[in-house]
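**Student:** As a plain string of letters, each chain reads:
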Amino acid sequence: MNNPSNRTRTSIRVLQVIMIGLVLVVLGRVFFLQVIEYDTYEAMGERNALRQEYIDPARGLIYDRHGVLLVDNEPIYSITVTPSLFEREQITLLAELLGVSDSLVTEKINQAQQYSWYRTSIIFTEISFESFSNIQERLWQLPGIGHQIESKRRYVTDFSGSHIFGYLREANREDYERNDRLRLGDKIGKSGLEMIYEDTLRGVPGVQYLRVNAFGQTIENIESEMSTNPVQGKDIITTIDAELQSLAEELMEGKQGGLVAMDPKTGAILALVSSPEYDLSRLSGRLDTDYWQAINADSTTPLYNRAISNRQPPGSTVKPALALIGMELGLITPNTTVYNSGAYIRGRPYRDTAPIGNYDLRKAITFSSNTFFFSLMDDVATKGYLNDWSKMLKDFGLGVPSEVDLPYASTGIVPDSAYMNTVFGERGWGVGDLMSMGIGQGLLSASPLQIAHMTSTIANGGNRVQPHVVLATRDPVSGLQRRKRFKSKIEWIDDSSIEIVKKGMRGVIVEGGSAYFTNNPEVPTAGKTGTAQNPHGRDHGWFTSFAPFDDPQIVVSVLIENGGYGAVSAAPVAAVLIEKYIEGEISRNFVYNYVMNFVSRPTDSELE
Amino acid sequence: MNNVKELNWSLIFIWFALTTIGLIAIYSATLGPVSEFLPSSIQINFYKQAGFVVISFIMVIGVQFISPRTFIQLSYVFYLFGLILMVLTLLYGKEINGARSWFGVGPFGGQSSELMKIATILAAANYLTSRRDISAENVRYALTAVVIILIPTVLVFLQNDLGTALVFIALIPVILFWSGLPYGVSLFFISPAIIGYLSVIGWHYGLIAAIILTCVIFFIQRRVWLSITSFVTGILTVSGVQLAITQLLQPHQIARIAAFTNPSFDPTGAGWNVIQATTAIGSGGLTGKGFMEGTQTQLKFLPEQWTDFIFCVIGEEFGFIGTGVILLLFGFLFIRMLNMAGNHKHPFAQLVIVSVTAVYFIHFFINVGSATGLLPVIGLPLPFVSYGGSSFLMNSLMLAICLNMDFYKREFSIYR
Chain R
1 MNNPSNRTRT SIRVLQVIMI GLVLVVLGRV FFLQVIEYDT YEAMGERNAL RQEYIDPARG
61 LIYDRHGVLL VDNEPIYSIT VTPSLFEREQ ITLLAELLGV SDSLVTEKIN QAQQYSWYRT
121 SIIFTEISFE SFSNIQERLW QLPGIGHQIE SKRRYVTDFS GSHIFGYLRE ANREDYERND
181 RLRLGDKIGK SGLEMIYEDT LRGVPGVQYL RVNAFGQTIE NIESEMSTNP VQGKDIITTI
241 DAELQSLAEE LMEGKQGGLV AMDPKTGAIL ALVSSPEYDL SRLSGRLDTD YWQAINADST
301 TPLYNRAISN RQPPGSTVKP ALALIGMELG LITPNTTVYN SGAYIRGRPY RDTAPIGNYD
361 LRKAITFSSN TFFFSLMDDV ATKGYLNDWS KMLKDFGLGV PSEVDLPYAS TGIVPDSAYM
421 NTVFGERGWG VGDLMSMGIG QGLLSASPLQ IAHMTSTIAN GGNRVQPHVV LATRDPVSGL
481 QRRKRFKSKI EWIDDSSIEI VKKGMRGVIV EGGSAYFTNN PEVPTAGKTG TAQNPHGRDH
541 GWFTSFAPFD DPQIVVSVLI ENGGYGAVSA APVAAVLIEK YIEGEISRNF VYNYVMNFVS
601 RPTDSELE
Chain S
1 MNNVKELNWS LIFIWFALTT IGLIAIYSAT LGPVSEFLPS SIQINFYKQA GFVVISFIMV
61 IGVQFISPRT FIQLSYVFYL FGLILMVLTL LYGKEINGAR SWFGVGPFGG QSSELMKIAT
121 ILAAANYLTS RRDISAENVR YALTAVVIIL IPTVLVFLQN DLGTALVFIA LIPVILFWSG
181 LPYGVSLFFI SPAIIGYLSV IGWHYGLIAA IILTCVIFFI QRRVWLSITS FVTGILTVSG
241 VQLAITQLLQ PHQIARIAAF TNPSFDPTGA GWNVIQATTA IGSGGLTGKG FMEGTQTQLK
301 FLPEQWTDFI FCVIGEEFGF IGTGVILLLF GFLFIRMLNM AGNHKHPFAQ LVIVSVTAVY
361 FIHFFINVGS ATGLLPVIGL PLPFVSYGGS SFLMNSLMLA ICLNMDFYKR EFSIYR
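Here the protein sequences come in this chain order: R and S. Per this note's numbering, numbering through the first sequence is continuous, rising by one, with the last residue being 608. Per this note's numbering, numbering through the second sequence is continuous, rising by one, with the last residue being 416.
Think of the hints as simulated: they come from the structure by calculation, not from any bench. This structure is a prediction, so every number in the text was calculated from the model and none was measured. There's no promise every hint is true.
Claimed, not checked - Chain S stretches covered by chain R per the calculated footprint, using a threshold of three residues with CB under 8 Å from any CB of chain R:
id	segment
1	178 to 189
2	284 to 294
3	319 to 326
4	329 to 339
5	344 to 357
6	366 to 372
Heads up, the beta-carbon is just placed ideally off N, CA and C, and yes, glycines get one too.
Put together the whole structure using the sequences plus the hints.
**Tutor:** The following block contains the structure:
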């Protein structure tokens with residue numbers, strides 16, 4: 001009896017020691033967690049229920065010159081899933097709330113799962129506000145499901161404007177490196193005004209601190225000294241005239257080319273079209289991958305901005321400027337007369353399609369006599385004026401960066417001797433290589449924007465202006481702020497020379513080949529046609545013009561690719577636009593109808 | 001009927017204290033601000049628990065009027081009844097949280113495995129003490145007792161209730177140890193658990209434990225072959241755990257183990273529970289955030305916060321003071337109950353009280369160990385504190401039986 005009783009007592013003690021020992025281990029652990037490591041866990045607990053959230057600022061809106069809203073924002077609602085937290089039994093509920101089939105939800109969740117088990121993916125986007133708020137209310141029943149409100153651009157215009165506004169895309173690695181305010185997933189402007197004015201439009205995100213529960217539902221907004229309000233992006237007031245832009249796009253539809261309408265006094269761009277345009281709304285919000293791939297693969301390159309990026313020989317449109325340079329260099333005077341025999345002979349014959357006869361400066365511009373300008377270029381080349389010629393031509397905005405507030409504007413080419421050396425090698429070129437530049441062909445190249453720029457300089461009496469699309473920015477704090485644009489008189493151009501050249505350009509409209517379309521008695525217009533020789537196909541048609549003649553308010557430059565002669569392809573487009581802008585309506589319907597039903601025809605040079 | 005003064009009032013006080021704290025915590029965990037995110041079926045848990053407390057209290061009183069001999073006489077019948085219930089549960093039971101352990105008729109029902117615990121204890125105790133001079137030292141009797149425990153264990157396993165199965169398995173060494181298994185051999189029996197636990201943390205810890213345990217066993221028992229067997233078992237355990245972790249287990253099981261050894265490895269997945277639980281307790285600090293003020297609890301960062309993670313609710317809202325009181329109460333419970341067993345003269349009563357204490361302790365240690373990150377998360381309720389009707393009722397019944405046998409200990413002769 002003694003022995004088992006001893007054993008009992010010992011066993012009791014052993015069990016008590018083990019149990020109390022382990023209770024003490026737990027006590028030690030709890031002491032460690034709650035007393036020693038309190039600060040760590042206290043902070044973790046705080047952080048757990050506290051979420052720092054960025055409030056995206058509203059992106060600035062875009063208006064036209066008269067205050068018409070062109071681009072605004074609309075919210076898009078998205079549903080996200082974190083597959084590791086999601087319970088598959090809830091698929092039916094989620095499908096019901098979204099108004100879609102169970103199998104679609106299952107498929108989307110499987111896709112998200114394949115992407116990552118733990119990361120949050122967006123599974124449904126641009127869902128209706130109703131579905132969104134239903135899900136928001138039932139979020140506690142849907143572990144792993146989250147929601148997101150973003151905004152996307154909405155284009156409230158009746159025109160495309162794709163090459164003016166540009167599109168937004170998710171920022172890439174380089175963007176993050178360049179701008180530390182960007183966060184993952186942010187969308188930034190990748191073309192057009194959205195790109196150039198990214199920092200203006202974007203605003204500054206606010207920071208708020210939210211108390212959230214384990215489902216990520218917001219319980220309350222916490223007042224914190226660290227929280228900041230978002231600063232809304234600035235609105236942009238553009239120089240675009242919505243009605244004119246709309247008409248310009250309509251006229252250019254079905255054609256390939258570029259168009260720029262400009263206020264010659266300021267350089268303000270009134271309309272800018274690159275045809276074909278693309279549909280910005282399909283690139284807004286969630287990316288329409290099929291559409292994106294389609295426009296990237298399209299052989300007509302709708303993403304390419306033909307109005308400012310295109311580089312084509314300006315053809316005869318550059319003759320008025322060349323005439324001004326010739327007078328300044330003292331190589332010609334208004335009275336200089338050159339006989340056109342059908343060709344200018346300099347080593348070989350250079351063709352001239354103008355009627356045979358004598359041409360003074362004014363007439364040479366009006367009838368676009370090549371002989372007159374070959375002769376001038378011959379002088380420039382042989383008398384060693386090439387570099388002066390080049391420098392002066394650059395004063396018209398050709399061959400220099402255009403300083404427009406749109407991205408990817410081409411500089412174009414205006415050769416000087418250094419340029420010729422790099423192309424042909426030192427002493428590897430001669431007068432023959434320069435001759436065609438005298439009539440705007442050969443190495444010379446420019447964009448429609450640059451041609452409009454050049455024409456503005458002539459129209460405004462020799463002032464260099466800065467082409468621009470943005471007139472002013474506006475925000476609630478600083479109000480309307482006009483952007484400063486430069487304008488400077490080009491010293492070497494004198495008024496009398498300009499008058500002669502302008503008269504020549506006026507003659508183009510009244511007497512020239514395009515008169516049928518462009519000679520509107522109500523709106524005295526001046527202009528110049530041009531044809532850019534195209535070794536790859538049908539020639540490109542140019543037309544540049546300004547009106548009214550006495551007090552120019554608008555310059556319109558048009559390039560119709562593969563349009564043939566500028567007088568019949570590009571000029572009618574400009575004529576309709578000018579009438580609309582100056583008169584407010586189109587009365588010459590035959591021109592409008594002609595443009596809308598335009599079919600290009602070959603030029604003589606092609607027929608040879 | 002004896003003098004009511006002889007009732008073990010201190011245990012009744014502990015029962016009352018733990019129950020009250022439990023009700024407070026369940027109230028906070030289901031009816032606090034958190035209730036907004038909980039389905040109504042959970043929100044009524046407090047009232048259901050309160051109802052079970054009342055029923056249990058009446059039952060505890062009622063049981064005191066039964067003769068302790070009844071438990072001996074009915075033990076096998078009870079055991080058989082329990083097994084039938086278990087099989088029925090397996091066939092027709094309701095699945096809750098992946099375990100088919102709920103059996104009900106009409107509005108009444110419960111987890112049959114809860115009833116099986118006390119039934120198994122009574123049956124095994126009766127078997128081992130029904131004749132004089134039999135003890136677990138006799139291998140045949142020992143094995144029969146093990147089988148009596150293993151049958152329900154297998155059924156619980158089939159019900160897919162791993163935590164409860166663990167409780168049954170842990171009963172085996174306790175009962176054998178109490179019935180006279182030499183200390184060294186008993187230690188040998190539980191050594192795989194200790195070595196296994198340490199091996200999960202790191203194989204070298206397991207190895208060190210195997211060596212130390214072998215030395216201790218040799219020191220106690222002085223039997224070379226036992227020591228060698230113990231060492232070989234230890235090595236096999238360490239390598240077995242390694243094999244399981246690297247080769248055999250399913251990814252989600254490995255994830256759970258990995259979450260235990262390093263919760264931050266996968267904070268939103270398997271590590272979530274561990275991180276949220278320890279954060280809740282740790283952020284409670286010394287005095288806690290206050291009743292219904294815990295952010296982890298009220299913002300529903302804790303899973304199953306009315307049952308498996310109730311300790312975290314107490315830790316968060318009442319701090320170290322709250323958890324300290326709970327641990328103190330359990331410490332007293334274990335000491336008082338074991339003393340009660342030690343003071344009893346009847347071996348059946350002794351074995352039943354020790355086994356019941358062991359069941360309480362295993363539940364306590366696994367529950368609190370899971371909540372504090374000492375153990376991998378194994379879902380077991382904290383006795384008297386966690387929400388759970390059948391669990392509370394049966395834990396109270398077990399306590400009532402122990403109190404009863406203690407109450408009648410003088411009449412409950414060693415000789416029948």
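**Student:** If a hint holds in the structure, say so; if it does not, say that too.
**Tutor:** Evaluated hints:
no. : hint       : in the structure
1   : 178 to 189 : holds (count 3)
2   : 284 to 294 : holds (count 3)
3   : 319 to 326 : holds (count 4)
4   : 329 to 339 : holds (count 6)
5   : 344 to 357 : holds (count 3)
6   : 366 to 372 : holds (count 3)
Checked against the numbered hints above, the structure breaks none of them.
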